[in-house]
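Build the full structure now, drawing on both the sequences and the hints.
If you read the sequence shown in UniProt numbering, its first letter stands for residue 1, the second for the next number, and so on.
Some hints here could point you the wrong way.
[Claimed, not checked] Simulated pairs of lysine-lysine, DSS-like, Cα-Cα distance not exceeding 25 angstroms:
| # | residue 1 | residue 2 |
| --- | --- | --- |
| 1 | 147 | 160 |
| 2 | 42 | 56 |
| 3 | 177 | 140 |
Please keep in mind that the hints were generated in silico from the structure rather than gathered at the bench.
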Amino acid sequence: MSKENKPLSKLEQIRLAAAEQSNKNIAQANVKESKLKVADIKLNPFQPRQYFDEEKLNDLAESIKQNGLIQAITVAQIDGQLILIAGERRLRAHQIAGLEYIDTNLLYNITDEQLRELSLIENLQREDLSLIEEANAFKKLNEEYNKSYRDIAVISGKSKTTIADIINLSNFSDECKNIIQEPNKNFAIMMPPPNVTGSLHIGHALTFTLQDIITRYKRMDGYKTL
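Quick look at the structure:
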């Protein structure tokens, strides 16, 4: 079988479906490629990402200064205001680099409700969200937008079981959430006990981690799994 005709893997199918879901949502609005002033763009109040690595932002700013912006950010125009939908790291990097303008995909005819949902979906498809940021975003999609675990699995590229485990994390106390909040800290928590040898598949590692976190901290919280 030629490479061109090779069937897509399950993961590739999920990622393709996620991209199509995102494109379908954006297609409901009119889109125009525009170069806008960085200072005119307001940060998105519905952004699920709360933690930004300063060192990585500085590296990105330097890269953009030297090589330019590879992918435009997505901005919506609502009630005369320019609201960021996706690309906060790139926008912050432009601010650090002292650049006045930034390339954007500008969306018109979009409601506040569409803005909130688009923001969650767009950012969930990107890397480096912490488990707690993912948990809060998944819970919003499930409870506020009536998205089933299957819907969220398609959007995020994760299994339904993983979605359920991650949503459970949103019920932890603030003290426990802080322990696993930063993306870099997750990897330390994800390490298996010393008596476990060999490498684990990332999916198995994630499942182990979520269950380990629940086991370790539910007693501290008086927490009961959903």
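Quick rundown of the hints versus the structure:
no., hint, verdict
1, 147 to 160, "holds (12 angstroms)"
2, 42 to 56, "holds (22 angstroms)"
3, 177 to 140, "holds (17 angstroms)"
Checked against the numbered hints above, the structure violates none of them.
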